[in-house]
Structures are given as structure tokens and as C-alpha cells.
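Asker: Sequences and hints are given; from them, build the entire structure.
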Amino acid sequence: MTNVLPETAAGPPPPFDPELGAALAVIGEQMPPALTADMIQPMREGALLADLTDDDLARAGAFTVTRRQVPGPAGDPDVELLILTPTGATTPLPAIYHTHGGGMVVGNNRTGVEVVQDWAAEVPSVIVSVEYRLAPEHPHPAPVEDCYAGLVWTAEHAAELGIDPERIVIAGASAGGGLAAGVALMARDRGGPALLGQMLLCPMIDDRNDTVSAIQMAGRGVWDRTANDTGWTALLGEARGGADVSPYAAPARATDLSGLPPAFVDVGSAETFRDEDVAYASAIWRSGGQAELHVWPGGFHGFDMMVPQAAVSQDARAARVRWLSRLMGM
Amino acid sequence: MKDLAVRLAALDPDAGAALHVIAYFDRLAEARAGLHTIVRGAAVLSGCAARLVDDERRVRIRVEPDGASTPSGVRDKDWISAAAGSATLWLERSGPPGPVDAMVLERAAAAARAVLERTRGHAAQADPALVELVIDAGAAEPLRLQAAARLGFNPDDPVRVVALGSGAVRLLPEPGGLPEGRAGVGPAGPVVRLPASYEGAVLALRFTAEGTESDPGPRVVHADELGGLALLAAAVGPGTEPVPDQRALDRAAATAPWVLATLDAVARSASLRAAATALRVHHSTLQDRLAHTLPVLGWDVRDPQGRLRLHLALALRRLHNNQR
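Chain order of the listed sequences is A and B. Residues in the first sequence are numbered consecutively from 1, following the UniProt record's numbering. Residues in the second sequence are numbered consecutively from 1, following the UniProt record's numbering.
Since the hints were made in silico from the structure, they are not lab data. Misleading hints may appear alongside valid ones.
Unchecked claim - Stretches of chain A that chain B covers, calculated by requiring three or more beta carbons in the stretch to come under 8 angstroms of a beta carbon on chain B:
# : segment
1 : 15-27
2 : 310-323
Unchecked claim - Here are the in silico distance ranges between beta carbons for each label pair:
# : chain 1 : residue 1 : chain 2 : residue 2 : range
3 : A       : Asp55     : B       : Asp78     : 31 to 39 angstroms
4 : A       : Gly61     : B       : Asp66     : 15 to 23 angstroms
5 : B       : Arg118    : A       : Gly289    : 16 to 24 angstroms
As the list claims (entries may be wrong) - Pulled from the structure, derived: some chain B residues nowhere near chain A, Cβ distances all over 12 angstroms:
# : residue
6 : Arg247
7 : Ala248
8 : Asn321
9 : Asn322
Where is the CB? At the ideal position from N, CA and C, for every residue including glycine.
Answerer: Put into C-alpha cells, the structure is as follows:
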């Protein structure tokens, strides 16, 4: 959905939730809202995205940690899957196939996986987190094709992984949410693995970067319009915002959202992605699909991960687990 | 990315971290955040559980450093705390304080105090008319329940009446800390039983003493613990003649300033040795004192029957001094 309002028509930005705003005052210094291309490499090397160790991932024996190199897209390198299996499972479990965030330009298959582990602690599931190639060195379609290839392998090897192939949910946050939505579209169009659901957390799905919320939140919060421009330009180059952008890269470009698995979409009201995410849920409904949409008041991008203690973050996290357990029939 | 306490700990506690703490609570105050949010901020920034308790206003909030609200358990005297008006804010840290603990306590307590004054400034407890109504056995039950609700009590909340030496009456949610000073404490029960708790509290107050040399005895008495002594209260009115044992007690008291305190200690201690310890005198000194007192008193307080007579005489003396 293209926003037709001129920039001046946007009102003032919605206020941050008081608790989140106060935390942002602490976080803000280390996380500028704007990210430019020259900051990509320092961010990749920075301590902000410090990796979880295998010990962290094992959570005192609650998960078995394995890594598999599996075939990538035809003619491309293998992709690495990080597989976290709850210990002691005796029957096939549901799977959460995770596509990490990081604006398409940073992060690895451990980024944000602790959030997914929290879900799996309540809804026992095997976690498969895919390492995809990053932009700008590897522009579209490398990231989304890597993610798709990893999903295909996972579904084909479900038995070996202790996964119930009927219950695979794809999930990702931010750029990972965009990739999850793109992979769901690919799976539909290519007759690929049947997904039980798609969990799109504050997903990055619209390269046009011109919604009211993108305009309102410029220079504020986390991942503002400038940062978004940096991410999309890295992924799409000159094509960004133009007429020929694939819906697999920017799912907001999809004109047909029928035939998709049920979606969970959440986003903060005080972030760049608010309007594109609300529009995506609406488009799913318009196509006759199922979506659960949460717009958390005063939430900035990734609020629940950066300030998990806040009341609104606790509610957001609880809503996801409830959706998962309903979806998985637990 | 997630641990604010770790982030703060990594900063210079004298400058950087302190500024962040100040900024955090200033933002909460500007946005008129509530008490839970403030207590959660204290827990999150300090990295240890925080609790805010205001017995009068019936506020009881405890938050873990992960943001979860949990019920309050027993307090530890080693925790650091700060006053927030009539409330107290604790950081549940027994070991050495973290680098920002003092600043977190100060700013969070100030923020909590502002919220308490804004939202509960006219503490319902302060409205004596409502308190009078809930303890009035003559008032209709629906009226009493309504008044209790306005004071913040649900019908099934266990509540006690506390009658203070000053003549004031307080309602005390169970469990709760007693107010300062001489107090008679009524039994805990549901709101409809408050008139009975008030009766008990007033009765118990008559058994209290100043706790001084001239008026030794307990400053706080619970009606629950009076047992059969409660019956004595009805027997002692303003015009009641003192019984001979009470007169003997008064005579003994006139012979030396330590007599009443000594006899009270003997009555209340498990043994003469314990009484001597309580009085901070040598065991032999206590024996000498009792030898001095015995002829004036006319009975020996060291045998069981004598101790009972002493108990009763002391109680009767307090009942005479403390008329309704």
C-alpha cells in the first residue's frame, strides 16, 4: 500500500510508552536511531551484537545444540543451520524455523534466538535458525533464497531432526520478519514446505519507506527512516523504491496474499514499520486469510527485546506464546 | 542487548551511570508513570528485587529484576531502603551495594513519593469519619461495607483495629506493621467484624503501660492474647475500689523507685535469672530487692500463687490507670 499523503500531513509522532521511553534514554546513546552505510561494518564488529555462546544456547542442558551445513540455493554455497533441540523429547515436536533480524546487513543465526528459546520453553519446539548471506555483499535474492533453501532441507529432514513436518512455523523479527514473510510467499508459490504459521515480529517488508509512521518516526527511537533506507538500499541497490521490486524481497509489494498460513503480526505504534505492518495484516484479511495483529502502544522498534522487563514488553511476549500454543494445539 | 543493570554497571558510577539513572526516573515522572513502573525501574536498574510498602495506604509492590511482579515475603533487616513519604522502598540486596544502588533508591523513592502524593494524597485512612463508621456496631452493615470499600478494603480482607494511646484509631491490614506508640490491637477479621475488633482494641489498650519505671509494662497489647484477663476489665470502672493486693502494690511502689519495674520484670520473665537480665542487675541484687519488697507486699512473688497474685495486681493497677 503506497502512502499518498504528503509528508506534512503526518501528525506529531505518537509518544513512547513511559517505561520504554525511560529505558530508551539509557539505551539511546549506544543505539543511534539512524544507521548509514558506513556504520554497517562497525556494527558487525561491535559488542552490541555480542554472540550467545554454545553454553548460553544450551541453557544448562535444556537444549542440545547442533550445527548443520545444508545445501543452499542451486549453484550457491551451503547454508549453516543452528539447530536447538529440547532435550528429552520422545515424540516429534513442532519446529520454529527462525530467520534472524539485523536490517538485512548485520547479525547471524544466533541473533535473537534467545527470544525463540523462551517460547520453546513454554511450547516445546525444535528451533532451526538459518545463517543467510548478508547485504550489501550479497543483495537480493541471496538472503531470502538462503532462508528458503534451509527451510526446504529442514522439512525434508524433519524425521531425522525429530520434527513433526505438519507443524513448522516460520518466525523472525525485523528484517527476519520480512524474510519470514518472503519465504512464506515462496513456499506458497513454489509448492514448497507447508507452513503451519508465520510469525512476523515488527517485520521489515516495504522498501518504499514512505508510510506515515516512517515519516513520523524519522530521527526517533530505533531503526528510523534513514536506517531503513540504508538497509533496503543494501539489499536492492538502485531498484529500491522502484517499480520492479520482488515481493519475496519486500512482501508489502505482494498483490495476492491468499493461500498463506495464519500470520501473527506485531509492531509498536511508535516505530517506522507500524503502518506497513498494519497494512500487511489488513491485506491478508482482504485476501481471505487469517492474521492476528497486535500494535503495542508506545513501542519502539524491537522494544520487547531491548526492554524485556517493561510491562508492555511482558504483554507482547506473552501474546506470542499464546498464539503459538493455540496454533500448535497445545 | 537486554540488561540495563549490566549497561549501567559498565558506566562510570560517579557520572555516566548516575546521569542515566536520573534521566530514567525523570522520564518516568514526566510521563506520570505509575508505582509499579517506578518499582520495576528500581529493580531493573539495580539488578535486584525492589519493593515498595506503604501500610497506611495499603500499597505493597514487589518486582523482580526481570520485571515480574511477585508477592512480598519476609523483609531482611540488611536491605538498603529509602523513605518515600509514608512509604518505604527497599532494594533486596544483602551483600555490598551495587555502584548505582544509592542513586536508584534516591530517585525511585522520590518518584514514588510524588505518585503517592498525587494519586493517594488524601489517603482514605486519614478520613476519621469513614473509620468511625466501619467500627460502629450501630451502623447498618451495608453502610459499613461501603465505608470500608472507600477506605480501600474488600469485604474479605483481614483487617485489625488498632486503638492508640493518643485516642486515635487506625485500621491495619493483615499482615502489617504497627504504628508507633502505645497501642491496643484488636483481632484480625473480615470487614464486618471490625466493630468487634475495635472493642477488642480498646480493651487491650487498657492493659498497656508507658513502659517506664513508674508505669512498667507492655506498650502494645493484643486482644487475642489476653485470655481470661479480659474479664477483669469489666470489673474495674472509674469508681471501683482497689482490691487489697493493688493497695499493697502501691504501698510497695512508694518505698523505692525501682519496685514496680522490678515486680513487673518478675511477673513477665520466665525465671528470676531472666528477670535479673531484663533489669540488667545481678541475680543477687534482684534477690535483695525481693527481700526488701516482701514485707511491704505481704506475699511472696517467687512462688506460683504469689506470681499470679502479682500478675493480677499489676493488671488491676493498669486498668485503674487506663479508664476508657
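Asker: Now look at each hint and say whether the structure bears it out.
Answerer: Here is how each hint holds up against the structure:
1. Here's how the segment 15-27 of chain A fares: 9 of its residues keep a CB closer than 8 angstroms to some CB of chain B, so the rule of at least three is met and the hint holds.
2. Coverage of the segment 310-323 of chain A by chain B holds in this model, with 4 residues showing a Cβ closer than 8 angstroms to a Cβ of that chain against a need of three.
3. Judged by the Cβ atoms, the range 31 to 39 angstroms given for aspartate 55 (chain A) and aspartate 78 (chain B) holds: they are separated by roughly 33 angstroms.
4. Glycine 61 (chain A) and aspartate 66 (chain B) have their C-beta atoms about 21 angstroms apart, which keeps the hinted 15 to 23 angstroms range intact.
5. A C-beta distance of roughly 47 angstroms is found between arginine 118 (chain B) and glycine 289 (chain A), which places it outside the suggested range of 16 to 24 angstroms.
6. Here arginine 247 (chain B) stays apart from chain A, with its beta-carbon at least about 67 angstroms from theirs, past the 12 angstroms limit.
7. Against the 12 angstroms criterion, alanine 248 (chain B) stays outside the reach of chain A, whose nearest CB is about 67 angstroms from its own CB.
8. Separation of asparagine 321 (chain B) from chain A is adequate, the least Cβ-Cβ distance of about 54 angstroms exceeding the 12 angstroms criterion.
9. Residue-level check passed: asparagine 322 (chain B) sits 50 angstroms from the nearest beta carbon of chain A, beyond 12 angstroms.
Hint 5 from the earlier list is the only one contradicted by this structure; the remaining hints agree with it.
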